[in-house]
Amino acid sequence: MNPTASLDQQPLLDIANLTVTFPSEHGPVRAVRGVNLRLRGGESLAILGESGSGKSVTGKAALGLIGSRVRLTGSIRFEGDEIVGADENRLRALRGRGIAMVFQDSLDSLNPVYTVGSQLEEILRVRMGRSRSDARREAIALLEQVGITSPETRLHHYPHQFSGGMRQRVCIAMAIALRPRVLIADEPTTALDVTVQAGILRLLKRLQRETGMALIFVTHDLNVARLVADRVAVMYAGRVVETGPIDEVYRRPAHPYSRALMHSHPSAATSWSELHPIPGNGPSKSVVVAGCSFHPRCPVATERCASEDPPMLAVEPGRSSACHYAEEVLRGER
Amino acid sequence: MASVESDPILVVSDLRQEFVVTRGLRRTRFAAVDGVSFSISSGESLAIVGESGSGKSTLARAILRLVEPTSGSVSYRGRDLLALNAAQMRAARRDLQMIFQDPYASLHPRRTVADIISEPWRVHPGILPRTEWDARVLELLHQVGLPPSYAAQFPGPLSGGERQRVAIARALALSPEVLVLDEPVSALDVSIQAQVIRVLMSLQQELGLAYVFISHDLSLVRLIADRVAVMSKGRFVEVGDVEDVYTAPQHPYTQALLGADPALMDSLDGDDPGDIAPELRERGTP
Numbered sequence: 001m002n003p004t005a006s007l008d009q010q011p012l013l014d015i016a017n018l019t020v021t022f023p024s025e026h027g028p029v030r031a032v033r034g035v036n037l038r039l040r041g042g043e044s045l046a047i048l049g050e051s052g053s054g055k056s057v058t059g060k061a062a063l064g065l066i067g068s069r070v071r072l073t074g075s076i077r078f079e080g081d082e083i084v085g086a087d088e089n090r091l092r093a094l095r096g097r098g099i100a101m102v103f104q105d106s107l108d109s110l111n112p113v114y115t116v117g118s119q120l121e122e123i124l125r126v127r128m129g130r131s132r133s134d135a136r137r138e139a140i141a142l143l144e145q146v147g148i149t150s151p152e153t154r155l156h157h158y159p160h161q162f163s164g165g166m167r168q169r170v171c172i173a174m175a176i177a178l179r180p181r182v183l184i185a186d187e188p189t190t191a192l193d194v195t196v197q198a199g200i201l202r203l204l205k206r207l208q209r210e211t212g213m214a215l216i217f218v219t220h221d222l223n224v225a226r227l228v229a230d231r232v233a234v235m236y237a238g239r240v241v242e243t244g245p246i247d248e249v250y251r252r253p254a255h256p257y258s259r260a261l262m263h264s265h266p267s268a269a270t271s272w273s274e275l276h277p278i279p280g281n282g283p284s285k286s287v288v289v290a291g292c293s294f295h296p297r298c299p300v301a302t303e304r305c306a307s308e309d310p311p312m313l314a315v316e317p318g319r320s321s322a323c324h325y326a327e328e329v330l331r332g333e334r
Numbered sequence: 001m002a003s004v005e006s007d008p009i010l011v012v013s014d015l016r017q018e019f020v021v022t023r024g025l026r027r028t029r030f031a032a033v034d035g036v037s038f039s040i041s042s043g044e045s046l047a048i049v050g051e052s053g054s055g056k057s058t059l060a061r062a063i064l065r066l067v068e069p070t071s072g073s074v075s076y077r078g079r080d081l082l083a084l085n086a087a088q089m090r091a092a093r094r095d096l097q098m099i100f101q102d103p104y105a106s107l108h109p110r111r112t113v114a115d116i117i118s119e120p121w122r123v124h125p126g127i128l129p130r131t132e133w134d135a136r137v138l139e140l141l142h143q144v145g146l147p148p149s150y151a152a153q154f155p156g157p158l159s160g161g162e163r164q165r166v167a168i169a170r171a172l173a174l175s176p177e178v179l180v181l182d183e184p185v186s187a188l189d190v191s192i193q194a195q196v197i198r199v200l201m202s203l204q205q206e207l208g209l210a211y212v213f214i215s216h217d218l219s220l221v222r223l224i225a226d227r228v229a230v231m232s233k234g235r236f237v238e239v240g241d242v243e244d245v246y247t248a249p250q251h252p253y254t255q256a257l258l259g260a261d262p263a264l265m266d267s268l269d270g271d272d273p274g275d276i277a278p279e280l281r282e283r284g285t286p
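Note that the protein sequences, when read in sequence, are chains A and B.
If you use the working numbering, the first sequence corresponds to residues 1 to 334, in order.
If you use the working numbering, the second sequence corresponds to residues 1 to 286, in order.
Since the hints were derived computationally from the structure, they do not count as laboratory data.
Every residue gets a Cβ at the ideal spot worked out from N, C-alpha and C, and that includes glycine.
Honestly, I wouldn't trust all of these hints.
Unchecked claim - Examples of chain A residues toward chain B, derived with CB under 8 angstroms:
1) E50
2) R206
3) Q208
4) V224
5) L261
6) H276
Work out the full structure: start from the sequences and follow the hints.
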């Protein structure tokens, strides 16, 4: 059963068997180990995972934002064009217009010595060929679109003159300046207070409605993912272990890790004694576990799990899980 | 859970913590903690919630005099900690310990776990005879759910959750009565957070510790606190039993905070206020 078979539409972004390997003192570290993901136009997908899951690396790889010493295998196709192995020119053409990205730390994403306006206008002039005055007009409109009041004045301010939340709005304005088809947001609200976060999340949803762009939202926060996304890909130790419509995955997880993650979350409990930690520690970067990488912490693992790495298989239309016992887990029988 | 009858063990009255801020050539005073009062009993958890810049971490430090409060009083079992001299304060710290957010910064990398946990006995000689250190270290490790083999290890290979449990074991070495916990699990993954929270709450039940728990995580606070104080701009804007505050928040800031918590939100419908809503914004920390 192919979850997307019913859709004739070619996926906007098609990531197939992606692996990302970093060199390190202790030998190569495989941060992403065979990830398959498909994103359709206008869709919003959350990549949910804890530290070491490879969620951020997956997001960055889709933009070719991976250093030259890093080895990428597999395939990332954007509208049918291959990104893996593409040269800098092709990547540059893709970034911004095809796929754009917003990062967690907005201070690192902006140049401190130029005003916000000049950075926005530069993108519009260089990449869109706008005239000076058109670029100015469009920059003002973009700042307005991301909820910055008095944009004519704010244009002349430097990044440090903005609060964290406002700076993230500026980064979003820069990311959407070239009208990308896909926006990848990598933990964009993690550094922000909740009241600021709520505004940014609402902004992203509104922009998605207004522009029809697809959204990949990389996060560790189950509740933020639920608010933002239609579909979720749960990652663990460099692999996607479960995908599906987010409400269904949360209601009836088909992978023991997804289920354990939800049971460990405070919002699922009514008293601390109902908090169920996942035993053991998170996945190690350097040690590759034989079989399923979750099996050492998995409450329902068997001997088979220690030797045989489970493939990602459909469990229901639109839902897949990489667990030997996915169907039993889904039905709550295991 | 707290017994309502018991006398408070710690009483903080009108505590103020000012800092001098230099803006250009002007020097002004900024009150990070601006007249805070509360009390807490043995076995009770008071959570202090607020956003960055609200003054909650400064308050935690001021209670233990890790910064010198400008005015007010912190009374532990009837003694004003702010009136103590350095030696007396050092002795008082046996009873009031602090746990910090970052378990990577708080453990010495070149000391074994056993050395780290027994360090307080070195600082406070005469508490525990040297011959009993090893046994007590193992006992403390057991209390925080770590295997005895960890005693001889260095913190390097330990995970964040394990490090934080070592930090808790060290804090318990002096058998304190009050723990001030400054975002003790916010640097940890959620699946690991739960381990540390369960350790902390079991210890509280077992030992009757009083917890001042600083946090920005509203769903977590609901599970662990008896009472919650909502802090904004250096002040408590609302204090109450945790269920009362969550089900019927009185102060507009509490309402805004709860209304923006992703765990409590149903959808992202509704307007993004943009950069207006100044009444909700905090002053920056100096």
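Hints versus structure:
no.: 1; hint: E50; verdict: holds (4 angstroms)
no.: 2; hint: R206; verdict: holds (6 angstroms)
no.: 3; hint: Q208; verdict: violated (10 angstroms)
no.: 4; hint: V224; verdict: holds (5 angstroms)
no.: 5; hint: L261; verdict: holds (6 angstroms)
no.: 6; hint: H276; verdict: holds (6 angstroms)
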